[in-house]
Each structure stands twice: as C-alpha cells, then as structure tokens.
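Visitor: For the protein sequence lines, the chains are P and R, in the order given.
Okay, so the first sequence: first residue is 1 according to the UniProt record's numbering, each after it adds one.
Okay, so the second sequence: first residue is 1 according to the UniProt record's numbering, each after it adds one.
Among the clues, some could well be false.
No copy is singled out in the list; a pair is fine if it fits within one copy or between any two copies.
What the hints assert, rightly or not - In silico BS3-like links for lysine-lysine, alpha-carbon gap of 27 Å or less:
id : residue 1 : residue 2
1  : 111       : 98
2  : 407       : 106
3  : 287       : 111
4  : 106       : 118
5  : 92        : 155
6  : 404       : 355
7  : 111       : 88
8  : 98        : 155
9  : 92        : 111
10 : 155       : 106
11 : 322       : 155
Everything labelled a hint here was simulated from the structure, so no lab data went into it.
Remember, predicted model here, so these are calculated numbers, not experimental data.
2 protein chains.
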Amino acid sequence: MPIRRSKVLVKWIIENQHKFQLQLSAVRSCSSSLRYKELEENVQVQAEIALSAESPSTLPRPHITPEISFKYDDLQVRLAAPYQLQPKPEAKDLGFGKYFTDHMLKIHYHKQLGGWQKPEIMPFENLSIHPAAKALHYAIQLFEGLKAYRGVDDKIRLFRPDLNMERMNLAAQRSGLPTFDAHELIKCISRIVQIDQEWVPHSETSTLYIRPTLIGTEPTFGIMAPESALLFVILSPVSAYYKASSDGAVSIFADPNVVRAFPGGVGNRKVGSNYGPTIEATARAAKMGHHQVLWLFGPDHQLTEVGAMNIFMVYINDQGDKQLSTPPLNGLILPGVTRRSILELASQWEDLTVKEEVITMDRVMQLNQEGRLLEMFGAGTAVVISPISRVGFLDQDIVIPTMKQAKPVFQRVKDTLLAIQYGHIEHPYAVVIS
Amino acid sequence: MPIRRSKVLVKWIIENQHKFQLQLSAVRSCSSSLRYKELEENVQVQAEIALSAESPSTLPRPHITPEISFKYDDLQVRLAAPYQLQPKPEAKDLGFGKYFTDHMLKIHYHKQLGGWQKPEIMPFENLSIHPAAKALHYAIQLFEGLKAYRGVDDKIRLFRPDLNMERMNLAAQRSGLPTFDAHELIKCISRIVQIDQEWVPHSETSTLYIRPTLIGTEPTFGIMAPESALLFVILSPVSAYYKASSDGAVSIFADPNVVRAFPGGVGNRKVGSNYGPTIEATARAAKMGHHQVLWLFGPDHQLTEVGAMNIFMVYINDQGDKQLSTPPLNGLILPGVTRRSILELASQWEDLTVKEEVITMDRVMQLNQEGRLLEMFGAGTAVVISPISRVGFLDQDIVIPTMKQAKPVFQRVKDTLLAIQYGHIEHPYAVVIS
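Just chain P, with the same shape it has in the complex (with noise of 0.2 Å):
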C-alpha cells in the first residue's frame, strides 16, 4: 500500500514538477507579504473587540521583557546507555504519541538564577515535579507540534520549524512564560531528532512527531507568572493520529452548545486551556458516530475549527470559479502552520481562487443544496490532511460529496504538502537538518 500510494505520488510529481518551479519563486518572493497580511489581521481583530466593546483600542498592550535565551553551544550531551535504549515498534502499531525514543531535552529556566539556564539532552525519563507546581494547577502551560520526515534521500527535514517557533514564543508571552530566542531553540531540536535519528520512519505513511513544551513549574499558589519553569522536547514515531471510515474521510459533529474560543481569549494561542475543555464534546460526538467536533462560533454560527485542526472547504463561487476557502485569522482560530502553507501554495494555482473568508453553517448548507459545495476538509501537523464527508448538524446529517471528486482539490494540497516534506521536492519550506 505505502509502495503504491509513493509510485502514484512520484508520478504526478512528474507531471506536475514546472507547477512547483512556479511556486517556489512565487513563495519566495509572497512570504514576507503573507506574514505582514497576517500580523496585520491580529492588530485588526484586537481593534475590532475593542470596537466590540465599545472601549478605546488604546489601552497599553503589555510590554514584554525580552528575556536573554538560552544558547544552543551551552548545550550539554548526556547519552542514554545501551541497556537504557527501547526496541523500535513495528510501524503499524504506532499510533499516534505512544511511544517515545531514547533522548529528551531539557531546559530550565530560574528567574532568581538569571532566567533560562544551559539546556541539556539525555535519557528520556519521568519529570519530577513539585504537587504545587503552576503547571499542575493553573493550566501555565504551552506547546508545539512539528515532525521530522525522512525523505526519498535519507535525509532527515523539518517543516517550517521558525513557524512554530514564533507560535511558542507568542503562547509564551500570553501565559506569563518566558521567551526565547527561535534558533537556539531550532539548533537544539535538530540536534536531538539527529541523536534519535533512527527513531525517524523509514517510511512515507509514519513521522516522528517533535513535542516541545514549556510549563510553569514554580511551586506556589499564586495565580501569577511563575518564576521558574521547564521547556522540554520529547520525540514520538507516529502514524495515522486517528482511524478514519474505509472511504480515508470522517464525519464531524457540529454542536452549537459548545464553543471552543471566544473573543477576549486564547483560541489563537498553543495553550493548553483550549484542549482540556474539548474532550466532553469530542466524547459526545463520538458516541453519536462522529470522529470529530467542529467548533461553531456565533449565533450566525460561523465555522472555526474541527477537532484540533483549522477547516477548509471548496466550492464554485458566485463567479463560477473554483474556490478553497477556509475562515480568517480573527483571534478564535489557532495559526495553523499547515493552513498557512495551503494558503500560500495554493495561492499560486491558477484554477484556483484561494480566500480567507467567514462560513456560517446557512451558508455551507445552501451551497451544498445548490450543488456547489465540493469538498471540505481539516488541516493540521499531525493528521496533514483529514478529508470530511459528513456534518451532524442539529437534526441535519449534511452530505459533502468530498470523496466524489474526480481531482479533489485536498488531495492535491496533500500530495504537495508530503512532497515537499518527504524531499520530492526542494522548497524552501522543508529545513534538511541531517
């Protein structure tokens, strides 16, 4: 199956090879007006709840103390010992987070003690935290999700890392964390996948998933900033994050009693408050048959999320054309590292217009009942692409003929997502880190 899923990959690479040419030079030049156009959105969901509130947008952001990062060359080495070292699981049992490779990093940060401290890699272990850390209690906690791939060539790539990166650093400042300088952080990260590195699938179906975290460990009760904490990175060889039906697609429960992320929140941010709250809805969804939530907000019920992933959908627009469509920056929705990169590489299909845009749940219906609605799906690291072919929705069972089309367009971000990721392709978005 994975031997024919890559023959079938390498041939529409073939294919398709100039389209990329384009794109890359396309990229490479978008970028840094894509980043400007999405920092320019945060600042214009902040006015408008303020607006919203009939307040002054005028009111002191906080200011950040830049604090000095910890430095890759203080980095200290510790190797697990041969009788340490776990057998590697067969592929098809992995899962997705069961297991976990032979090494993690650690490092500290003391605030009395100058803030960060030298970071240091060795045998993976349990933590051994105080019962009052803040982390425990408070939800002072924060993380990331990347993979590294191990390419056609043996070589061993990270996707977009300074994404996450920026995303960490952002979470942090909202969590009352101490920040940290991206490629210090990177170095680490690499160094580590490099000292597992035979934890990384030789295969194109399986990853090993990269966990940073920062928690806040100061032992107290104080709900306030803690003056000590822990960023630690653990490493798990994953597959599929969850078993879709026999058609590769799932169903999603769309519940307008559960909200997700409100205005004024941390629905834009890593953090885990947004997880813990979700778990009674998914339970819920799934014992009515659903793989899925998918998060509405709004009385007009705007679509934000599914499941931990961000939601595009495809239809023909009022113009006749084809449309990929999935809703924007606007403080309730997670930055999506893979959404962003959709964005930008399907911005450069000409058969395609691509736009950020509010769906409401009456509009996705009404397109679907014209016939227009083609596809919708989800988007994010650990699944990449989770292609969607049915919404409970009140008492509705909404049909999208996702897995009808001849040329899905989903299918298409997916294949250029795994070959730039698995090295089919060079791109800039993929960082050879061994």
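Since the structure of chain P is already known, use the hints to place chain R on it.
Guide: Showing chain R alone in chain P's frame:
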C-alpha cells in the same frame, strides 16, 4: 493585632448571638431548597444557551458512568521519619501557598487496573510524571480549595467540605476525569489533616489551606479522556492571599477586552483552564496599580467575577432598601462555597434584601453617581472577604465608598463566616474533624 481583632470579634458575637441562633434554624430548613434553586438555575442556563444558539435543547447530555470510588477503609499510611519533618515557618512569613506540610495524600486511577486504587498518605514528595502526561499538555486538570481552621476550643474544623467535593466531581465530569464518592475523600482529607494537625496555625488570621488536585496522567498525545489519573491532596499553612492597600481595601481594573469565561465553556467549573489565560491581564492591571481584574462579559459589561473571587455589591435599591447583590450562576461564574454561604446567611438578616441579579458597569456607575452604591467586595475561600474601594474602567476611576460605611455589610459577613469557621458559634457549616 490578632489578639485585639479576636477580642472585638468575641464582643460582637456576644452582642449578636441571638441572631445566629435564628439563622441556624433558618439555614437548616432552607438549605435543601437553596440547593435545588442552584441546580435549577444551571438547567435554565443550559436552556438559555441552547436557545440563544437557536438549537433544540434536547441534545443528549453525556452519560456519566459512575466510577467505583476509592474507599477510606483502604487508606494506607506511611508516616515521615523524624528527619524528614520540616520546620514550621513563623505566622508572619506564611504568605499564600509557599510552605507545605510533611505529608500528602495520593490516589491513583488506572482504568486497566479496575479504576481507583487504594488511597495512600505518605511523606510530602515531588511527583514523578511522564513528560507526555495529558495534564501537562492539554490542561486535563482541576483543583479545589478549602481550609482547616483551629477554633477557639482548639478543635479543627472544615467549612462545608461536601460542597467542595460536589464541585470537584462536576469538574471531573466536565474534564473526562474519574469521579468518586465525596464522603470517602472527606474522610481521607480529615485523616491527613489530623496527621499534620500541628501545621494548622494557632491563630485566627491564618489557616491550613487544603488543595485537592486531580490530573490526567495517561502518557499519550491523543486529545481525549485519560485512562489514568492521579488525585492528590497537599496542605499549606497560609495567611493573607495578597497585600491590600493600607485601609485593607483593593483596587480593581475592568478591561472589556479580556474575557474570563464564555457560554459553552468551563467558567462554572474549577479547572486549570480558567486560570492560566487570566495571568497576562492580571499582570497588566498590576502594572497600572490595581490588585485584581474585574472580569466583565458581553456588550453591556456585566460583572462576573473579580480576580479568582465572586463579586458582591451593596446598594440602596429602588425601594429604598439596603440590598446585597451578586451575579446569578449563569454558567460563566464559579459556584463559590463562600458565595453560597453569604447568600444563605444574609438572606436571614431582616435589614437586608439579598438578590442574585445581573449587574452591569452602567448600573454600578449610575448607583455610584446617585450616592446609592455603598460597598463592593470579593468573596472566596482563599481571601474570605476582600473589600473593593476603586474600580478602573475605560478612562474612568470609580471610587466606591466601601471603607466609609459605619457598619459595613462586608465586615458583618466576614465576622459571621469567621465566627463559624473558628468555632465561636456552633453552626452546621463547620465540621469538627479533630
């Protein structure tokens, strides 16, 4: 200072003893109806949320599988060796949650081993936690806060621990964590407090704070209910939660741009996710010279909570009566044990109208301008009662005459609570455990 306070308190109690007797019988007869009222309100809120989202309120609620609880009779105790005992700090150095006692209570939950394991009391130690534990990534965690008071009779009392346990189980349900028999945990907690009873301060200005915590420990990356968990209880001798101004009152800042909780979220459950996201706003308020944040909600700026406390207001109502008001339990507000006790106690005071009602910032400002706003205060287990004398809101600085009242309600409420907690009067709220 403590001695003088105590004398004043005793004097006041002797003068007012007859009222307490009245209250006592009244509370005994009305507590069940009040409980019903609170539950009813919750149901109503659910219906309102459903209504506002234009959806039928007939969606199935999750079916909770009742867990077979751990049992106090299975409790195993391993006492600290003499050399492990910590010196007890001076009362003046206590702070809030800086020092911990010699023992802790741990109860493990492993679904694959049949659920709850035997409770254990052991010497206080760091927790050994797998770095992938869901509590550290997805904020699958909740806590409670209650206190053990050393009374005038040297007996140790808890204050309405059944309410904390009830709330803890509701939070567990909401978080995909296992529930338990409240009375079994109260017995285990009573036992550890007995063991560490010399840590219960011999003072009426400090107490032993009890922090039950429940965290998801399953070490896998799926965002779902954990199959393993740890319930632990640690104890900390505490004095004041924070330093107020010289007059004992605090200044609070109301920022309409930040939101603590929202409909469809977890604002009415004591889970970690409600706290981490508040730190940035609290730090910003502190930089502007305020002690806490007043959390508003909605376009009409409804008051919800202040800091991590419930909020109360005393004013002359439209009928010319003195009224004590607090916002209703609408799903955004933590059902505080102190809040409920104040409502129950004060509803028996004949010279005061007590009401749960929506309070907007416009109403606060209007009442204040008309000279009808008398007091504003926060209430919670950690602080007991915290009078508020200033509210920063938009470009305004609202001065509240809380500290200018001859016989303030906040002081009467506080004295009543402390009298019950420290055993100056017998009351069913206070449970003698040692």
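Visitor: Now tell me if each hint is right for this structure.
Guide: Verification of the hints:
no. : hint         : result
1   : 111 with 98  : between (34 Å within a copy, 17 Å between copies)
2   : 407 with 106 : neither (45 Å within a copy, 56 Å between copies)
3   : 287 with 111 : between (46 Å within a copy, 19 Å between copies)
4   : 106 with 118 : within (9 Å within a copy, 33 Å between copies)
5   : 92 with 155  : within (22 Å within a copy, 61 Å between copies)
6   : 404 with 355 : within (23 Å within a copy, 59 Å between copies)
7   : 111 with 88  : between (39 Å within a copy, 26 Å between copies)
8   : 98 with 155  : within (25 Å within a copy, 50 Å between copies)
9   : 92 with 111  : between (45 Å within a copy, 25 Å between copies)
10  : 155 with 106 : within (25 Å within a copy, 47 Å between copies)
11  : 322 with 155 : neither (37 Å within a copy, 76 Å between copies)
Violated hints, in rising order: 2 and 11; the structure is consistent with all others.
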